[in-house]
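Participant: Residue numbers (the working numbering), protein chains in the order written: chain A, 5 to 508; chain B, 5 to 508.
Not one of these hints is a red herring.
Remember, identical chains collapse to one label, so a pair may be satisfied in a single copy or spanning two.
With a straight-line cut-off of 27 Å between C-alpha atoms, the simulated DSSO-like cross-links for lysine-lysine are:
1) K215 x K140
2) K101 x K58
3) K95 x K464
4) K101 x K464
Since the hints were made in silico from the structure, they are not lab data.
Number of protein chains: 2
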Amino acid sequence: MILPEMTAAEAAAMIANGDLLAVGGFGPAGSPKVITPALAQCARTEHAEGRPFKVSIVTGASIGASCDGELAAADAVDRRLPFSVNAEMRKAYNTGKVRYTDLNLSDNASHLRQGLTGEITWGIIEACDVHEVYGKLRIYLTAGIGIAPTICRLAKKGVFIELNTWHSSKIIGMHDIYEIEDPWFRAPIRITQPIEIIGLPYIEVDPSHVKGIVLTHLPDEARSMNDATEVTKQIGHHVAEFLKWNIDKGYIFRNKLILQSGVGSGSNAVIGALGSSPEVPNFSIYTEVLQEEPMRLIQEGRIIAASTGALTLSPEHLLDLYRNMNEYRGRLLIRPSEISNCPEIIARLGICSLNTAIEVDIYGHVNSTKVSGTRMMNGVGGSCDYTCNSMLATFTCGSTAKDGKISSIVPFCSHIDHTEHYVDAIVTEYGVADLRNKSSLEKAEALIAIAHPDYRPILKEYLRLAGVYGGHTHHVLSAAFALHDTYRRKGDMRLVDWGEYIRE
Amino acid sequence: MILPEMTAAEAAAMIANGDLLAVGGFGPAGSPKVITPALAQCARTEHAEGRPFKVSIVTGASIGASCDGELAAADAVDRRLPFSVNAEMRKAYNTGKVRYTDLNLSDNASHLRQGLTGEITWGIIEACDVHEVYGKLRIYLTAGIGIAPTICRLAKKGVFIELNTWHSSKIIGMHDIYEIEDPWFRAPIRITQPIEIIGLPYIEVDPSHVKGIVLTHLPDEARSMNDATEVTKQIGHHVAEFLKWNIDKGYIFRNKLILQSGVGSGSNAVIGALGSSPEVPNFSIYTEVLQEEPMRLIQEGRIIAASTGALTLSPEHLLDLYRNMNEYRGRLLIRPSEISNCPEIIARLGICSLNTAIEVDIYGHVNSTKVSGTRMMNGVGGSCDYTCNSMLATFTCGSTAKDGKISSIVPFCSHIDHTEHYVDAIVTEYGVADLRNKSSLEKAEALIAIAHPDYRPILKEYLRLAGVYGGHTHHVLSAAFALHDTYRRKGDMRLVDWGEYIRE
Numbered sequence: 005m006i007l008p009e010m011t012a013a014e015a016a017a018m019i020a021n022g023d024l025l026a027v028g029g030f031g032p033a034g035s036p037k038v039i040t041p042a043l044a045q046c047a048r049t050e051h052a053e054g055r056p057f058k059v060s061i062v063t064g065a066s067i068g069a070s071c072d073g074e075l076a077a078a079d080a081v082d083r084r085l086p087f088s089v090n091a092e093m094r095k096a097y098n099t100g101k102v103r104y105t106d107l108n109l110s111d112n113a114s115h116l117r118q119g120l121t122g123e124i125t126w127g128i129i130e131a132c133d134v135h136e137v138y139g140k141l142r143i144y145l146t147a148g149i150g151i152a153p154t155i156c157r158l159a160k161k162g163v164f165i166e167l168n169t170w171h172s173s174k175i176i177g178m179h180d181i182y183e184i185e186d187p188w189f190r191a192p193i194r195i196t197q198p199i200e201i202i203g204l205p206y207i208e209v210d211p212s213h214v215k216g217i218v219l220t221h222l223p224d225e226a227r228s229m230n231d232a233t234e235v236t237k238q239i240g241h242h243v244a245e246f247l248k249w250n251i252d253k254g255y256i257f258r259n260k261l262i263l264q265s266g267v268g269s270g271s272n273a274v275i276g277a278l279g280s281s282p283e284v285p286n287f288s289i290y291t292e293v294l295q296e297e298p299m300r301l302i303q304e305g306r307i308i309a310a311s312t313g314a315l316t317l318s319p320e321h322l323l324d325l326y327r328n329m330n331e332y333r334g335r336l337l338i339r340p341s342e343i344s345n346c347p348e349i350i351a352r353l354g355i356c357s358l359n360t361a362i363e364v365d366i367y368g369h370v371n372s373t374k375v376s377g378t379r380m381m382n383g384v385g386g387s388c389d390y391t392c393n394s395m396l397a398t399f400t401c402g403s404t405a406k407d408g409k410i411s412s413i414v415p416f417c418s419h420i421d422h423t424e425h426y427v428d429a430i431v432t433e434y435g436v437a438d439l440r441n442k443s444s445l446e447k448a449e450a451l452i453a454i455a456h457p458d459y460r461p462i463l464k465e466y467l468r469l470a471g472v473y474g475g476h477t478h479h480v481l482s483a484a485f486a487l488h489d490t491y492r493r494k495g496d497m498r499l500v501d502w503g504e505y506i507r508e
Numbered sequence: 005m006i007l008p009e010m011t012a013a014e015a016a017a018m019i020a021n022g023d024l025l026a027v028g029g030f031g032p033a034g035s036p037k038v039i040t041p042a043l044a045q046c047a048r049t050e051h052a053e054g055r056p057f058k059v060s061i062v063t064g065a066s067i068g069a070s071c072d073g074e075l076a077a078a079d080a081v082d083r084r085l086p087f088s089v090n091a092e093m094r095k096a097y098n099t100g101k102v103r104y105t106d107l108n109l110s111d112n113a114s115h116l117r118q119g120l121t122g123e124i125t126w127g128i129i130e131a132c133d134v135h136e137v138y139g140k141l142r143i144y145l146t147a148g149i150g151i152a153p154t155i156c157r158l159a160k161k162g163v164f165i166e167l168n169t170w171h172s173s174k175i176i177g178m179h180d181i182y183e184i185e186d187p188w189f190r191a192p193i194r195i196t197q198p199i200e201i202i203g204l205p206y207i208e209v210d211p212s213h214v215k216g217i218v219l220t221h222l223p224d225e226a227r228s229m230n231d232a233t234e235v236t237k238q239i240g241h242h243v244a245e246f247l248k249w250n251i252d253k254g255y256i257f258r259n260k261l262i263l264q265s266g267v268g269s270g271s272n273a274v275i276g277a278l279g280s281s282p283e284v285p286n287f288s289i290y291t292e293v294l295q296e297e298p299m300r301l302i303q304e305g306r307i308i309a310a311s312t313g314a315l316t317l318s319p320e321h322l323l324d325l326y327r328n329m330n331e332y333r334g335r336l337l338i339r340p341s342e343i344s345n346c347p348e349i350i351a352r353l354g355i356c357s358l359n360t361a362i363e364v365d366i367y368g369h370v371n372s373t374k375v376s377g378t379r380m381m382n383g384v385g386g387s388c389d390y391t392c393n394s395m396l397a398t399f400t401c402g403s404t405a406k407d408g409k410i411s412s413i414v415p416f417c418s419h420i421d422h423t424e425h426y427v428d429a430i431v432t433e434y435g436v437a438d439l440r441n442k443s444s445l446e447k448a449e450a451l452i453a454i455a456h457p458d459y460r461p462i463l464k465e466y467l468r469l470a471g472v473y474g475g476h477t478h479h480v481l482s483a484a485f486a487l488h489d490t491y492r493r494k495g496d497m498r499l500v501d502w503g504e505y506i507r508e
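Taking the hints into account, I'd like the entire structure generated from these sequences.
Facilitator: Here you go:
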């Protein structure tokens, strides 16, 4: 069968107002790049002619600017899930123009299968190659998978494939495609080692299900990481010491250290610091995105093996990887998001997770999504998937933000994504608060000790005031957000006047 | 080998100040009953003579009054984990006399194995029978297991067994004893059906590890449930309708409905209501405690099979079960707490969980432990284990408490145990708020609709005031706890004056 080659505009023209588009890739890695900008153009034309045009978008994780940025700017998005990091999209969902559902990445594919998200109208995925074998089409993906297998199976009207020759077909064989069965028929997911293969290196579909092939030659939209700062270096150092201490105490098994590390420059820097720390033994990675530092550490042999949901590398770094692909075979696997973030696997492997907090409260709850409890930064992404299931769930954050005007350690988080029941340790540049096997008040003591020195007396004073009310956790609820409110009113949390917030 | 029979006082006398005692059973079911009161007596004697005497206590879940009540009253407890429902113990940890760590029940055994909880000095378990076979002692447990297998393996100085002839040895064969391997060597846990057997019906130990056998004849300290109220009946009715609707929509598979239900009279009543609802198909149970209503429904055939951590029945009901034990064989299993509450199994089976909330906020976060954010009610127990891993995580609560003076639906929970990322639905007597695939503001709308009518305008007014600040979630942080503070000051949340809480 001859696959229907078409332009991005022709593909976009088949998409209608109200459709639910499911887009492959994980973050910018392996995401389609040309049909969604063409769709944004369609939307503008429709809007100019007074007709409504909005689609809903579900992706594996976040996605590149060519999707979220273009479509949000064209006011062409109704619902968006499960995650987004794009500035244009952020503006849209923080002003209510887009209905944004912040969903654990591990739940995304299963919600689609259950039908909770609605029926997928069209799928759009990126591939580096397609082969027809015995009447079936094998689709070979690129730098990220996300929910592509589920998309290809469920998209009602069919799938568009962006065949992107920028990606090297050397990546073939690095994917382990496996779709989880519905719960009521589910067997154990057989992964017991980070790079164990349980699926196929391609997605197989009926060729008639592919409604268009669009040829492209475009790099992924991932950016280079910022350099490590003094604070992230300090944090990385403390994390390394803490892991070493856990190994010495026997809490972690030296010969099977498996780390997850969240997204962003901070996480990248922490992994770099771990790699250069002689006390930390060689380790493996089981994570959702592999950034630059881990790739370097794989080359150096510090990282033994890495399973990831995506290769989130700048174009230069990804090309470099493609050139040296043979070095990575047997040591690197790319998995669908429901496997990279699978609670069952994360728990079984005994992963140590490292994620970034926006703020932490004195009892160990973590806010990782909402600034001042209201403005969504990005979303929860995979942080719950890892935190709730890892053997040692650590969050890192600088002790302050905005030149010290905001403390990252507060009496009560203005939004809670991760509770005391799952958060094991917090690391700032001032050290580690190990929260395990501690009562609430012991946690508070440990956390105040790693707050910025300016804020330690402030937090102690809160505890003193709250002590009057007793209980297992001490709070004065009317003053619980006094630091946040003071920042809003006076521009600096340090100017808090507790008297303003406490009344008889 | 002849086992060392002794009195409870003789066993207690071997326990020293500072010891970590690990006690078997799950809640009052299958918990030892005579050594801990004797230990409380030892503590009083020591205290009277001016010597310090405190032990730390780790149990499978909560435990009967003969342990928590007696020891707390004797001021003989330093640390306590993971869960407690005893009034005397509650007073102790809410006044800081006991250092209480509120831990997910599924994490308890693994924390002990990792060494995080410290070294167990002595284990105390209850058995209905012991047999020596090929030089090993087989211990047959009673109505609950908890962490007994881990206790027997790890207790440094040995184990005391309370051999309780009140329990019938007919219970032999109803236990499936399996201990999870440390993460770094862990294989899949092979349960794919609620009553699949993967372990042994007994715990096997070296007889020399048993330091004392104490003969007893005492019933479990579980109480009868309160009768269903009009509110719990209404809630049960809504839950039944909601499950039926999910089945009709295809979100739940009709032929494999598996429920978990939390602890207490409310949960008991909800399960009863489900059983008597003709729209709900026959179902299975995978849970941590089996109370009276489910036992009745097993007898009636409405419940096909039930896996539990404990038979939490009043003595009369448990005796009745023992009399009819043969009816339950092949349909009922008692599991260790790390299996009854195992995230891997809960996710694989696609369980619908039903737990009780203290309060819920308008964005779907749930407080299930702390009244006014400070006073610990009981603890998180297994509610996170189920909520974070079930296919449909539902919480139920009456819309108000204290004759309407407290709303269970509030702008911001005064404590958060379960986040929006895991809570799928809330049910009050006014209906169901289905939170899946909704943005934050859509969740708020759905939740306000099931608040008590008195509170709907109050919550809407909060949303209106908060709307000024924009964002994905709308909040005025200085007024987020205005309802709680108003209740504290004026005795009724309905008297809230928003102007008192909002300043420029």
